[in-house]
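*Asks:* With these hints in hand, go ahead and build the complete structure from the sequences.
Read in order, the letters of the sequence shown are residues 338 to 1513 in my numbering.
It is worth saying that the hints were derived from the structure and are not from the lab.
Fair warning: there could be bad hints in the mix.
[To be verified] Each computed DSS-like pair below joins lysine-lysine, with the alpha-carbon atoms no more than 27 Å apart:
no.: 1; residue 1: K1216; residue 2: K1375
no.: 2; residue 1: K1216; residue 2: K1316
no.: 3; residue 1: K1250; residue 2: K1316
no.: 4; residue 1: K1322; residue 2: K1248
no.: 5; residue 1: K615; residue 2: K627
no.: 6; residue 1: K1286; residue 2: K1322
no.: 7; residue 1: K1248; residue 2: K1194
no.: 8; residue 1: K476; residue 2: K445
no.: 9; residue 1: K1250; residue 2: K1322
no.: 10; residue 1: K674; residue 2: K661
no.: 11; residue 1: K462; residue 2: K498
no.: 12; residue 1: K583; residue 2: K1006
no.: 13; residue 1: K434; residue 2: K407
no.: 14; residue 1: K408; residue 2: K398
no.: 15; residue 1: K736; residue 2: K661
no.: 16; residue 1: K989; residue 2: K583
no.: 17; residue 1: K1216; residue 2: K1286
no.: 18; residue 1: K1006; residue 2: K1071
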Amino acid sequence: MSFMQFWKLRNLGVYSLLVCTAIAGGIYLRSGTVAQTNQAQQREELYRLNNLGVAYMEQYKHEEAAAEFKKALAQDPNFLIARVNLALAYYFQQDMKSALAEAQIALKQDPNNLQMRYLLGALYKNSRQIDDAISEYKKVAVADPDDVATNINLGQLYSQKQQYGEAISYFRKALDAEPYNATAAYSLATALIRSGDRQAGQQAMDRFQQLRASGYATTLGLLYLEQGRYGEAILSQGNEPELVSKEVPAVRFVNASSASAVSAGLIARSYTAAIGRKLSASEFSQPATKNDLVGSFGSSVGLFDYNNDGRLDIYLVNCDPQGKLSNRLLQNQADGKFADVTDRAKVGATALGMGAIFGDYNNDGYTDILVINYGSNILYRNNGDGTYTDATAGAGLDKDKHWSLTAAFVDYDHDGDLDIFVGNFVDMSKWPGGESATFPDDFVGEPNILYRNNGNGTFTDVTAQAGLSGAATRTTAIVCTDFDNRRDIDFYIVNYNQPNQLLSNRRDGTFKDVAAELGVANAGSSFAVAAGDLNKDSFTDFYLPQANGAGILYLSNGRGGFTSRTIAGAGSLSAQLIDYDNDGLLDVLEVGRDGFHIRRNLGNDFVDLSGAAGLDRLKSPGNRLLASADLDADGDPDLLSASADSTLILIKNEGGNKNGWARISLEGKTSNKSAVGAKIQLRSGSLGQKIETYSSTPAPAGVDVLFGLGYRNRVDSVRIIWPAGIVQSEIDVKANATTQIKELDRKGTSCPLLYAWNGNEYQFVTDFLGGCAIGYLVAPGVYNYPDTDEYIRVSSSQLKERDGIYSILMNNQLEEVIYFDQSKLLAVDHPVDVAIYPNERLMPGPPFPEFKIYAVKGARPPLSAVDDRGQDILPLISKVDRNYPEGFELLPFKGYAREHWITLDLGDLSKAKRVVLLLTAWIDYADSTANLAASQAGEKLIPPYLQVKNRRGEWETVIAQMGFPAGLTKTMVVDLTGKLLNATKTEVRIVTSMRIYWDQIVVDSSSGEFPVRVSEMRPMRAELRWRGFPREYSPDGKRPLLYDYRVIEQSAPWKAHIGNYTRYGDVRELLEEADDMYVITRNGDEMQIDFDGRGLPAVPAGWVRDFLVYADGFGKDMDINSARPDCLGPLPFHKMRSYPYSAGESYPMDKKRLEYLEKYNTRSVRVVGPHLQALP
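*Replies:* What follows is the structure in structure tokens.
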């Protein structure tokens, strides 16, 4: 398969980064360039129209999409991708005649177009031209034998011909490629039964039923984005042949060391003499020999901003066996020159240095340094004042003494802080045996080490726990990347003349090596790895320079796998992927034995332009000393390396910025502060790009996030997928400038929202089902038990009848899936001077509060209220007004605070028969990631407990688990009757380490014996539909945020779980009972439930009617550390002992539930990522 074909094979929906500003902006080409011709403008307009059409397709507006494709074809009838997309748009409009006509035109232009062959197969299949359909699908299968949809269609066609042997073969091939495809599983079972193999057929049917019940299942449907990759429209990425200029760029690299005052003592030796060196035992025993071997691999250079001035500084690592030359820190000055600040910064260690990595491991806003050596490594903590402190011993990193040749800062467990991976080379303490040996081939490797950041300044060796121990490989390089786009960090480890490892993150703290399975384990003489998205399929590609010959290029196939090819060369020791000419395509930069090479990416091949770029005049000593970034802030990547005479050289890029560019500077909040592991996607007209951030030595790519725009001079949109999983979209990104982007403090998980018809409009009430979460990580390996139901108080002013009908809305607003099982409405009539509250509060675990209605009258504030600092907080808790105490100390984990308390003087309650507290509050939840990080740091979340003072003046705990209001502002009732140890002077203390914000606390000492009448209503109708996202807002700039139903946004930066959701329409029967047959909703869905109140008794005079909305169900978020965060399944059920299931548990499948799954849950979501649309 050619390099160019890969972009055609991707799942296009994930990468549609189009926004309205791109449409309004029209054509935008960079002035003063050769590319700005009428032809270039016209071409860009064609792609703009095409991409707008694709955006319409993704909103199922196929007529509007077709109109845009036709506009493009009116300007250029030979614009192939618009023709292909038009044929698809007609097909999904059910205009089969027009779809066939457009497909045939497209195939005249490109007879091998797989999408059109696939479409012809679908058209012939629909018209029952079975043999013709088989012929077309087989043409696709020859080119792409693992395509799931093609194999399913072929199997179905052969089943229609009763050729079950062929059908079974195709269905099995589909299941091999996608084991969770329910269509393939069911079709296989049916084919086996019809073929006469009833036993195998029944086994396959059992597997299908388990798959459907699991919630993991995907299906081949009839709608757009449900018919496989070849049923999806093509979105341009910028590597199309007509978009890539073949002209040699006017870019030159020049030595600017003198002008930049880059000067520092450096020892940079060639590997050449060491690799393959023959040694005798006696020679090896000499210290000089070991020093010579180690010294050949040492010294490095790195770039980072040590003082937060926005300019990249240089850190030089020296390897001097004589102990004369130390590491040096060169500060980038405002005038473009560099000044040596090593002594002031206190980072000038003298050691056998191999490299350094940079990252803010303690999340204090300042970049720290880890220096790796032959011997002990050094961790420098940035003090924030221009100086560093050696924190190695205090961090627990001083015990391991190896030959570390590579390392990376990485948040492998996605808990918001940087962990450390250290890759070790060979064990120089052991002679291999025999009279002679070849270095390093005959020497045993040393084990690598994974250190987990505990979040308190220390690290723990978790190598064995992660399943990485036992292997003593000669590791030379590592890149930490999400190679399969599953939102977790994987490790690609390069080993010298041993199989490489691709460690897939299993999200349980362990990894699985899939290198051999995916074809990237090829052993070689690599001492570096370059990484980036070369073929623009939004998956990571790898390039491995070889010390002895041609480099190996591993290109992703867009489905988690790779194909390989070689790039000719005389041998290289380091490489990076950079866009040296800012044309929007990553190029390959190498430092080899014969000097520097730049291999320009032409979209379908590479061409060596080292001479044209002036790199042939620069000679290298033949080592790994290489760094790249825009050091002079002019918009193109510069280089740092060593000359042949071991001089540090700054190589300035002249001319790359003739093309447009955009630099993004990131700062994490929930994620690690350095944003290491972030994925940034940019859209500019016909151009799409993805860059991932790394912190490794040797570096796999440039240090900064620098996008080349080519001839375009405007950025449409940028989307960041932060390491914590938060998706953030930005449209205010300037071209030819640096844009600072901070991670939003976005609440990705919460609860569904409740709206009620108040007589004029639907009004926001609150969120609900705060305790229904499944898979919520409480501590490593420990998950919560859900509280699946809740009664929500709705006042008489919030819910009013309309022609006797009460109407509510349940909206799924955030990044979660909600499984609604039951709903009903209680009308609660009571005297107007009495208030009613349900017995609802969130508890850490069972037993959960039983249903009860509290009636209260005359509740009052305490006599006094102070916090643990002695501050008077009575004015803040006397009424519900969005003012609340918030002076307690926050810990660096979401939802966590230092243990704190409030003390209430309730006065003399000695005559009260009943005493209850009414506590109104909202909570900033801890999520699974925060719980993991806090647990590693030794912190615990302490739910509220209540103490009272006894007659001796001592505090005694009388309610060990008081509970707390769930989610947004709600009122809970705490019954103190019989718990007051000194009723004449009642003092109460509420203690917690949770972030709970008490808005009002009042005490009620009435008897509670008031008349209350309750009437129950079941749903008369319930409709599920798409609604969108009511606008979040704050009326006073404070939290919590509220929601305005009058303003609906059609998109939000949320992902969605993969699986089958409940189809839109009538869902009333699913809400009648709690029977594990759910209305399954994704974000943006809304359910309207109406209740018939026409049969309710009249409200007596002097009374009022309030309501309790009852809901039962489950919810699951997409926190990367929650259980099963990407898929709907396995489906929860009420009698399960735990989630994930305990051993032997499964969804209670029976005939009725299978019919439910097949009837209702037919809305398939196959793409995790959100779509950022471009609609006018």
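*Asks:* Compare the structure with the hints numbered earlier in the document and write down the numbers of the violated ones, lowest to highest.
*Replies:* 12
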